[in-house]
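As given, the protein sequences belong to chains A and B, one line each in that order. My numbering numbers the first residue of the first sequence as 1 and each following residue consecutively. My numbering numbers the first residue of the second sequence as 1001 and each following residue consecutively.
Because the hints were derived from the structure by calculation, they are not lab data. A virtual CB, placed ideally from N, CA and C, is assigned to each residue, including glycine. Possibly wrong hints are sitting among the right ones.
To be verified - Here are some, though not all, of the chain B residues that point toward chain A, as calculated from beta-carbon distances under 7 Å: (1) Pro-1355; (2) Trp-1475; (3) Thr-1478; (4) Thr-1616.
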Amino acid sequence: MKYLYFPGCSLKGTGRAYEESFLAVFKALGLEVRELEDWNCCGATAYMSVDETKSYALAGRNLAIAERSSDLDVIAPCSACYLVLNKTQKGLKENPELRRKVVNALKAAGLDYKGKVRVRHPLDVLINDVGVEKLAKFITKPLKGMKFAPYYGCQVVRPYSTFDDQYNPVTMDKLIEAVGAECVSWPLKTRCCGGSLTGTLPEVGLRLAYILIKEAKKRGAGAIVTLCPLCQFNLDGYQDKIASKYERVDIPTLYFTQILGLAMGLPESELGIKRGIISAEAVLAGR
Amino acid sequence: MSENKPKQENLPRVGFYICHCGSNIASMIDVAEVQKYASGLPGVAVSRDYKYMCSDPGQEMIAKDIREHKLERLVVAACSPNLHEETFRKAAARGGLNPFYFQMVNIREHAAWVHEDKKSATEKAKDLARAAIARVRFHQALDKKRVPVDPNVLVVGGGIAGIHAALTLANAGKKVTLIEREATIGGHMAMFDKTFPTLDCAACILTPKMSAVKAHPNITLLTYSEVNKVEGYVGNYKVTVKRKPRYVKEDLCVGCMECIDACVFKEAKFPDKFNQGLGKRKPVYIDFPQATPKVVLLDPETCIELKTGKCKKSCAAACDRKAFDFNQKEEIKELQVGAIVLATGFKAFDAKRSPQYGYGRYPGVYTALEIERLVNASGPTSGEIVLRDGKHPKAVGIIHCVGSRDAKTNKWCSRVCCMYSLKLAHLIKEHSGAEVYNFYIDMRAPGKAYEEFYDKLLGEGVHFIRGRVDEVTDWAMTPDEEGKLVLRVEDTLAGFVRRIPVDMVVLSTGLEPQADAQEVRRRFNIGCGSEGFFQERHPKLAPVNTFTDGIYIAGACQAPRDIPDTVAQAGAAAAEALALIDAGFVELEPNTSHVVEEECCGCKSCVPLCPYSAITFDEVKKKAVINEVLCKGCGVCAAACPSGSIRQNLFEDDEIFSEIQGILK
């Protein structure tokens, strides 16, 4: 199976551990991944609220390049990219006036867009294209005895429930069970991590992040497992600030691709395990 | 067609009448102008307008003109033929004219009501009038056919709707067969503890009616049975019924239940469907003490003898009536009936489809039907409110509109949930003393004594919080939330978000069409609305009729409704069936198709096309044959016939082409 890969800014910056583990795992599974040529910023959710049409055109350029280069599905591992590209795809399909404007803009840049691209999340690909049964064959070092809290965040399931339920998503739960670990039952799977509020309104943002890490720890999770670079950043990166404002929690936040890679026996160095601010060393030592 | 055209001087004498319909038509169409215009059209002998043509004087004017002016054809331009075609046909007949020498023009729904420009609407009315006057010349004298009606009735579904319809019909002296899919009649009502707003015991008012069904000499009760096939037409339906094996002979079992005690399973250990899985039953069981018929049955999924053939069959040994028959097979029965009442009920919304409320994940979350069984004295806990973990709840939250008024699941209001939630709130408080919270969007209590019941509950100290609950979690933010289920809700009256910790959550699930409603509607050749409930013929004026004559609907299979409305509707459906039967015959519209035998080439193109299975093929003559009783006059065969040998009354080529020419002139 072959896919195009849209990294977006995070996977090249704060979410490098995500990119490293995603590419390593896909390679080990025999899934071919090619980075989209000359990609640009997806616009994230912020630009959508500044100028919607321009933001559609910005994201549309990536779709147009993907369509021009092949008929492969585009994998967008970052939740914001995944949402914006899906929203653009949907907007261009359902709104002829918007479509006309965006396609005109693309034509000025020598591009065109027919609307054929499918935007996928790597978790969707692993569970639905590869499948849990096939994944099991690659698991050589099951993460026995470890307990993880699956944390999906908001954008991957809302507003579009493309591959999982909006209220109670379960795909990552299946992956956690597939790697031999225990999935902590908790109801905060899609509760807000603080998003950009950790930077703009820290008194609100930090509290939201604190609620999540505290509850995960309380329910016995050794680590939180997530699929979004911003969630990972908020939960992992602000624990000192949270400690000074509330209490020290100390729980690492890993990407689902990292725990899958570990269970597949890939070396920690290829999976960016050490990039976490809160070290996962103690938790993973029990393997 | 021109050679068939009657010569100008031989044209039949047409009377043209245009109705003002008060201001309905006259405000958008210049009625006088159309009247004057029509008077100049060829063949028109009389042209008049009148304020209400359907009134007695209007009709009398038409009848008198027919006699005095020797009219041979009649055209009335007024409303939809659905409303008054029959009225004017009768007026024609009173004047001595064959009622099918008449054509109605709909200038109200088709012109006055749908246009905003009076001039164009008037022109359109003229076009339509001209077309009708052109076509009516070719009309033939026709007669309605009469077909006798079989006086027996089939009622499908043994809930309160079917029970009431069957009893009404049987009391009127009709022979009724009542079919129920489950092992006992009673339906959902039999599961309820009390009924709102009177709080009388559901079983106390239902079981006498169940016994009356069983004892009634005019009712044949077939439980554990389903309709397989329906053939025929109004007044003459042939119905095939499948009877599932109970492995117990119904005529021998007296319901002593000694076999249940004797079963090799000493403990009941299988989930009891009637008690919503909260109780347990043995492989040999009876749903509830007042089950009707009071006959036990065996569950083939769990009975050792039926599964393996290696049981010592202590149940059969304990039966001194020798009622057990482990080799019982499915039975097929055929019935002949004139009318059918469908009362197949509803399905409760599957609460797992709203995962935010945690049903199936948190043991403390229940559906309303489960609570009905929990508060019931004959239920699994004998009426004691005990949680799945054995504890008694101190606080209970009831969430309204689960699977109702929700864009993600069902958009409709299920109509009964507000009231049953109030009832359950009262019963839970009475049985357990717990604090009870109702979370509602709007309180809908629009029945007799319903608002008063709500008022009574307010006085009982039940808490009411207006707002749709966002989620139910076991996530504690404060020490007093520990170990509780927390409901998070925006209190839209207080204007802030609240978190209410409780021990038990009740989901007031909505009413949905039965899972097999589409299959059933096809079997009975009736329609379903977009939401999947059976479609009535008219939402206001024919609420228990369907588009198939002789088939009536009652109760929650048509839309969510409570017991009083269901019973009223069941009575209405029974009355409609009686009106059909007691007339003794049905008159069929003569707009049917027929085959001109000498022109039929026997290609059989028409046979599979007929949606009513009215066309057969005569293998000896090699010709198609149309059963005019089954034909509904849809015209598909006439249009498809390659040799043009199928003709349809009132839609002959002459009539259609002259109408088209009339409109295009």
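So, going through the hints one by one against the coordinates:
no., hint, result
1, Pro-1355, "holds (4 Å)"
2, Trp-1475, "holds (5 Å)"
3, Thr-1478, "violated (12 Å)"
4, Thr-1616, "violated (49 Å)"
In the structure shown, a violation is registered for the earlier hints numbered 3 and 4, in ascending order.
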